[in-house]
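Enquirer: These protein sequence lines map, in sequence, to chains A and B.
The opening residue of the first sequence carries number -9 in my numbering; numbering runs sequentially from there.
The opening residue of the second sequence carries number 297 in my numbering; numbering runs sequentially from there.
If a hint is listed, it holds; no wrong ones were tucked in.
FRET-style restraints, in silico, Cβ to Cβ:
1) Arg86/A / Met306/B: 30 to 38 Å
2) Asn350/B / Ile43/A: 37 to 45 Å
3) Gln341/B / Leu87/A: 15 to 23 Å
4) Ser74/A / Gly325/B: 36 to 44 Å
5) Arg312/B / Gly17/A: 35 to 43 Å
6) Glu49/A / Gln341/B: 16 to 24 Å
Beyond 12 Å from chain B on every Cβ pair, some chain A residues (computed):
7) Pro(-2)
8) Gly44
9) Ser55
10) Ser74
11) Val102
The hints are simulated quantities; they were obtained by calculation from the structure and are not laboratory data.
Every residue, glycine too, gets a C-beta built ideally from N, C-alpha and C.
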Amino acid sequence: SQTIHQWPATLVQPVGSPLSLECTVEGTSNPNLYWYRQAAGRGLQLLFYSVGIGQISSEVPQNLSASRPQDRQFILSSKKLLLSDSGFYLCAWKGRLNTEAFFGQGTRLTVV
Amino acid sequence: DAKTTQPPSMDCAEGRAANLPCNHSTISGNEYVYWYRQIHSQGPQYIIHGLKNNETNEMASLIITEDRKSSTLILPHATLRDTAVYYCIVRVANRDDKIIFGKGTRLHILP
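Given these sequences and hints, build the entire structure.
Expert: This is the structure we're talking about:
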């Protein structure tokens, strides 16, 4: 069966520090991969999505970037975190034959 | 993808059926209606989807109007664990692109 791993569960980082969140999927190949952010009390905002290795689509201009170095690995990064980067970050995958998306458990990032 | 409109919040008594509406008046012929829910501090969970026929699974039922301009998600016997934000999304199935969530409906199950 397919599983999605996202870590860490919580993270506290100072302003100006770098960020790297990793998401990996098991049990499937060539999935669509997604990064979402949810600010406190707000909705889910799509940040990036990828339909293949090295293919990244950015939805909103921001202080973040994404990379897909391997088929089932999706990384969210920042060189210098801002206070506004705080939020709940969710990774998701969708298979070519599956119509629904499956989400990880999320990373709660607090920038201080 | 077509836009959806949902009420921001709803209450339902425990044990009763919860009926969550969604309007999607600009839906195209090849777009499906999907429902997800997000329990607090967790990732969204897929519930059900349909094209034009009513659908039922172990979690819920989906009723789509004949003109497909609106739909209703039904939780037949709501429990406290059904308290969550419910998202209605309209999109073409199996298309390789983004999945956009709206603001959803915050469902409160009252004991």
